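Peer 1: Spelled out from the first residue to the last, the chains are:
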Amino acid sequence: MKKRPWILWLVLAATLLYVVAPLFQHDRRGGFEMDKFGRVPVLLNGRIKPLDTVARNSLLIIHGKQTLASVDGAMTPMDWLAEVLTKPEQADQRKIFVIRNADTLAALGWQPKGEKYFSFSEFVPHLQEIEQKAALAQKVEAQLRSPFQRDIIKLFERLTLYHRLSNSLEVKGTANFKSQIDDLVQNIHPSPVPMNSGISAEALQNLGFLAETGYFFPIPPFPPNDDPLQWRKMGESLLTFLTDGKLHPAVGAWATLATSYAANDSATFNRTLDAYAAQLQKDLPRRVWKAKVEAVFNQLQPFYSAMVIYVLIFILAAGSWLVWPETLGRYAFALLIVTFIIHSGGLITRMYLEGRPPVTNLYSSAVFIGWGAVLLGIFLERFFRNGIGSATAAMIGFITLLIAHHLSMDGDTMEMMRAVLDTNGWLATHVVCVTLGYASTFLAGFLALTYIVRGAFTPSLDRETARSLARMVYGIVCFATLFSFVGTILGGIWADQSWGRFWGWDPKENGALLIVLWNAIILHARWGGLVRQRGLMVMAVFGNVVTSWSWFGVNMLGIGLHSYGFMDSAFPWLITFGASQLAFMMIGMLPPHLWRSALEAPPAKQGRTLVEVAG
Amino acid sequence: MKSPFFLRPPFLAPATAAAALLLGAGCNRSDERITVYRIPKETPSMPPQAGPRSAAPAAVHWTAPAGWAEQPASDFRKGSYFVTDADGKKADVSVISFPEAAGGLLANVNRWRDQLKLPPITNVVEAGTPMEVAGRDLFFVELVSEAPLSPDGSKSRILGGIFPAGAETWFFKMIGPDALVASQREVFKQFLQSVHPAEGEAAAGSAHPTMSANSGGSDTNAPTPPPIEAAQGAPVQYTLPPGWQTKPLSPMRLASFKATAPNGKETDISVVALPGIAGGDLQNVNRWRGQVQLAPIDEETLAKSAEHVQANGHDFLLVDLVSEQPLKGEKQRILAAILDEKQQSWFIKMTGEDAAVASQKSAFTDFLRGLKIP
Amino acid sequence: MPEVVVRPFPLKSPLRVLSSLRLTVVCLGLGMLLIFLGTLAQVHLGIHAVQARYFQSLIIFWSPPGASWKIPVLPGGYLLGTVLLVNLIAAHAVRFQLTKKKIGIILLHFGVILLLIGQLLTGLFARETQMRIDEGQTAGYSEAPREVELAVIDKIDPNFDQVVAIPEAVLTRGGTIQNPTLPFTLKIRQFMSNTHLAMRSQVAQARPSLATTGFGPNIVVEEAPRTVKDDERDLSAAYVEVNGVQDSLGTWLVSNAIPDAQPFTINGRTYELVMRQRRFYKQFALTLLDFTHDQYAGTDIPKNFSSRVRLVDLERNENREVLISMNDPLRYRGFTFYQSGFDNNDKTTILQVVKNPAMLLPYIACGLVAAGLLAQFSMHLFGFVRKRAR
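Going line by line, the protein sequences match chains W, S and L. Residues 1 to 615 (the numbering used here) are what the first sequence spells out, left to right. Residues 1 to 374 (the numbering used here) are what the second sequence spells out, left to right. Residues 1 to 390 (the numbering used here) are what the third sequence spells out, left to right.
Please keep in mind that the hints were generated in silico from the structure rather than gathered at the bench. Wrong hints could be hidden among the right ones.
[Stated by the list, open to error] What follows is a list of derived Cβ distance ranges for each label pair: (1) S:D320 <-> W:E89: 39 to 49 Å; (2) L:T299 <-> S:K328: 24 to 34 Å; (3) W:G252 <-> S:S362: 28 to 38 Å; (4) S:G329 <-> W:H26: 57 to 67 Å; (5) W:Q128 <-> L:L45: 45 to 55 Å; (6) W:S70 <-> L:L289: 35 to 45 Å; (7) S:Q237 <-> W:Q128: 40 to 50 Å; (8) W:M586 <-> L:A169: 45 to 55 Å; (9) W:T349 <-> S:P120: 54 to 64 Å; (10) W:G252 <-> S:K372: 47 to 57 Å; (11) S:P120 <-> W:P192: 40 to 50 Å; (12) L:A169 <-> W:Q128: 52 to 62 Å.
Since we're looking at a predicted model, the values are computed, not measured. Every residue, glycine too, gets a C-beta built ideally from N, C-alpha and C.
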């Protein structure tokens, strides 16, 4: 194949187009400016975020997906949210709640093999029952719960979330919220005791209910105040109004938005939205800008795009071992760099939005491990130019982003940091080092997998490639040792700084120490001549098992200081991954004549001491 | 949270014996020695001396169980104790009293529910169980939060007793971490059983004090004032002037009408009742003046400018306000009457276009005359 | 890859084994196994038992459920650590060469040795205690959260209490305790590390109590296994008999679950008996002025805790306000006060008080190891890049 540079440019251009395409899809269902609505900032879980994020995360938690199929075409999260907020009679009929657990279905008296999507209205007769069952399950310690107990708790949480969402702006089912607010404003006599303000007991109870139940905080502080603590729920803002007579203009805006959306009055809706957006722009320009950035970030989904392109890169790079090594290798490398930029862009945007170093929770660690492995892979490919760096990096990039994608199902991935973790300095050093340690140990392990798979199943592993793979693995293991060791010790120092204990045998600490020890063992075994090329590879594959244990396994123990994120569904996957790695190690240890690639082992040197080798 | 044992040398710790030799330590660990020292006497407020204590200054007496430590009573609290468990977790016991019925049982149970972030209930039967104490009904309440509210991450629990004694209602409450408070249930019940009105006062009060309106204070700790009876109570009785039509009631209004004036414009009439002297006449008048963009006036001017309408023995203060500029495209007028009576303020208000309201003025005064204040 | 030069080994075989790389690899491998099993065991045993059994032991024994015999299955943390340290020192001792090429390796291993020694010193000399202070109150001592003491308090002086504090280790041994400052002896008739207590009136058919006086006779004590949970505390108890010159004054029950001091009089002088968490008095005192606990808007996720305290040290003429917050401790006279928890509706602060003379060693060790690793690997990397560039 001849060199045709324009094809490469064409491929790159197509890739970029794929990445930015979502920006050009405008959502104007029924003439409502939903994109714009999605950019309105609200406060939820301590963070000011666009309404779009609230919509996406809520739908993800409740429905398990970010889009919703309906008879009149796919609904975006914002369409759905607007409906939940203002047209509960329609929203309640949408079959959005997934139940996959047969016991849960049976407990509700539904056919275990029947429909797995249910609407809120179908749950209404069972709500009390579900609450009781969930309360019972709650009493069992988290790590001892059965799958049914976990599922019923989750179901209850999803129903609660839906209930709270639908009571966020107005009491669910309110006919004309705007006129109620107007009535209130007209007739109220502000009094330090809300009850004396002239509001009826029933209306006051409604406001209390709104304040209690509402999910997000739509009402910003009175300008020029910009304190996140001063954001209010709809009900809270109205209750304050009863006492001081100061009505925040946003209350009226939200009420009009709700009422006009319910009445299908897109003209009023869009006009109110424009006015409200302009007001916010004036009062809180910084918040509005951030919310906009986040909404665009949501729309672009850079990690999802990167994940898809990594698959393409892997195919190209692996293909280069069979045909057109030059051309395909170059394409793969060029694409890898472009995708790395996209991946980095996503990472940096998250850092900007959170105001934090890159790794703050399990989700971001997955994104960062992929990023680190790809970065190292780019260096390897730059030096060796044999497609191995590209292929391995792309594989890890894909897998980690896939894991991240699944981790994001739990809701907002940009949570607030608990007090004990709230130190950017340590997050930036200890956590980043340890995570780079994970990334490089994985990279070494996947390079070794490439060696074993190509060597055992294809004749394509020639001695030169094998030697370069061995160098790569060795180099990356050195790198992994450095980062995991320094990271682990920094963790100890952080612990010493924070609560005066350098080492506490916490499971996560132990996990990190295991990685350090395993990498040290690989290096010492290699230096001592205890293992040769293939032995090195087999050991490096075991590094995958150790790292996945440390990364995920210890979190499943549900104990210790680090066990903030508890997940249950990943366990079978972890076991499968561990077993597959052990299988690859077995293959790696098969006698050489059973391998399809003929490799001659270099002569062994044995019986040396630490210091002799160290030189 | 953490323990010193974490610090023991890990597998890294080399031969203890060798190290002990090196360092000359290890065999005479301070863990093993009896120590003798002198310390200044502890402040008297600290020692949690147990034993029966009775709270003398109150009109109700009780006996605190052994194991409860007294803390200084404040102005607000008639009695104050705490209970500690082995982990040092604390539950707080308070005794407070309020004059009269203090808002009724439900309001007070809901106040406690609110402290545990529980939704209010509407049925007293769900709230708790009555128990007989000193020949009266004491209402026993037990509540657990759904969310972990205690500082240690556990749920919070309230044990409470509401005890009407004479002209006062007494509130006994224990609040603290779920497990600790639950373990104190029987103790707390015994504590409630020990409650009895002081001699001489017991006879004075009736077991079921009458409910009466309480204007309430701004203290958020105070029991919720009673709901406004008028707002929920019997509807007002009135004679409908010709041409007026009733409108659906809104949450704010006791009665609501519309009247169509000869010029075809509609006016809106509302009847609202508020407890207490809601903000005073002047404040309300000035608020209405604000609604038609008139400058506020002072008490003297109000006294001079206001009319009075006498009807059925009631004295209505009547104000008639017209906007100077057109608002919403036309001049607006507010015709309103205020009546302060029976610890309530009544507001009868007609709003609308200037001429339309003016044409209804006589109908409005007729309406006032026909109004029967419940 | 490092250059490998094989030289004939001049020393005898035991040293050869001790300094061999094989031993290093075996020890590290066993270490991994130990840590892995120790992590798993935490689920059921709790972190304290695991530390004692896995990491602070020479040999780990296993016995089948119900059996009385046990077999050694794995070297414990102490043994492995010692062998590793010896291996490390031996390897360097026999082959010490200060060359530019080896500087990284030497630095790195010296760092590891320091780390091991630092942890040893920490284990021997560090002490972690807790200080609880209510708002407005002053505390002059901290408490060991997992250790009790029996305090005998002489209250005769109007200004001072004289305290004889008998630590748990002595109570566990039992027997008769004598102290020159006390005109009587204490006989520990029974000590229980963890118990369940109940009121005698609520237990049907309870055994008679050993206690003859104080609150003891009214309480039924049942011994319980020590708690394995990190957030639970043992309720210890003991029966203590007070013997005067001639006769016994009676037997008292003491327990840290019941903080009431029990008085008795001997020779016209009143003493008090109380079992409590072991106290460590300081030469200074802290007064809690204010505790604050911030949460993120609209959540109950804690954002920050901090205690504003006044530090008063009469000896050193110190009197100042200090703010202790998460990740920002107070260091004073060898003690470090960390914000650890809070209680009592944000009215009580819990400070972790740590005294660790070896505190600096891990820092130095970390620096050495990092420098060593960096030097070593960058040597490799530059060598590699140079080779590729050629």
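Peer 1: For each hint, tell me whether it holds in the structure or not.
Peer 2: Against the structure, the hints:
1. As the Cβ distance of D320 (chain S) to E89 (chain W) is approximately 45 Å, the hint placing it in 39 to 49 Å holds.
2. Distance hint for T299 (chain L) and K328 (chain S): a CB-CB separation of about 43 Å, inconsistent with the stated range 24 to 34 Å.
3. Under the hint 28 to 38 Å, the C-beta atoms of G252 (chain W) and S362 (chain S), about 36 Å apart, fit the expected range.
4. Range check, G329 (chain S) to H26 (chain W): Cβ separation about 37 Å, and the 57 to 67 Å hint is violated.
5. Separated by about 40 Å at the C-beta atoms, Q128 (chain W) and L45 (chain L) break the suggested range of 45 to 55 Å.
6. Between S70 (chain W) and L289 (chain L), the C-beta spacing of about 59 Å breaks the proposed range 35 to 45 Å.
7. Our hint of 40 to 50 Å for Q237 (chain S) and Q128 (chain W) holds, since their Cβ atoms are close to 42 Å apart.
8. A hinted range of 45 to 55 Å for the beta carbons of M586 (chain W) and A169 (chain L) is consistent with their spacing of about 52 Å.
9. Remark: the range hint 54 to 64 Å for T349 (chain W) to P120 (chain S) is contradicted by a beta-carbon distance near 44 Å.
10. Taken as a hint, the range 47 to 57 Å is violated for the pair G252 (chain W) and K372 (chain S), whose Cβ atoms sit roughly 37 Å apart.
11. The hint said 40 to 50 Å for the Cβ distance between P120 (chain S) and P192 (chain W), and at roughly 21 Å that hint is violated.
12. In this structure, A169 (chain L) and Q128 (chain W) meet the distance hint of 52 to 62 Å, their C-beta atoms being roughly 55 Å apart.
Violated hints for the displayed structure, listed by number in ascending order: 2, 4, 5, 6, 9, 10 and 11.
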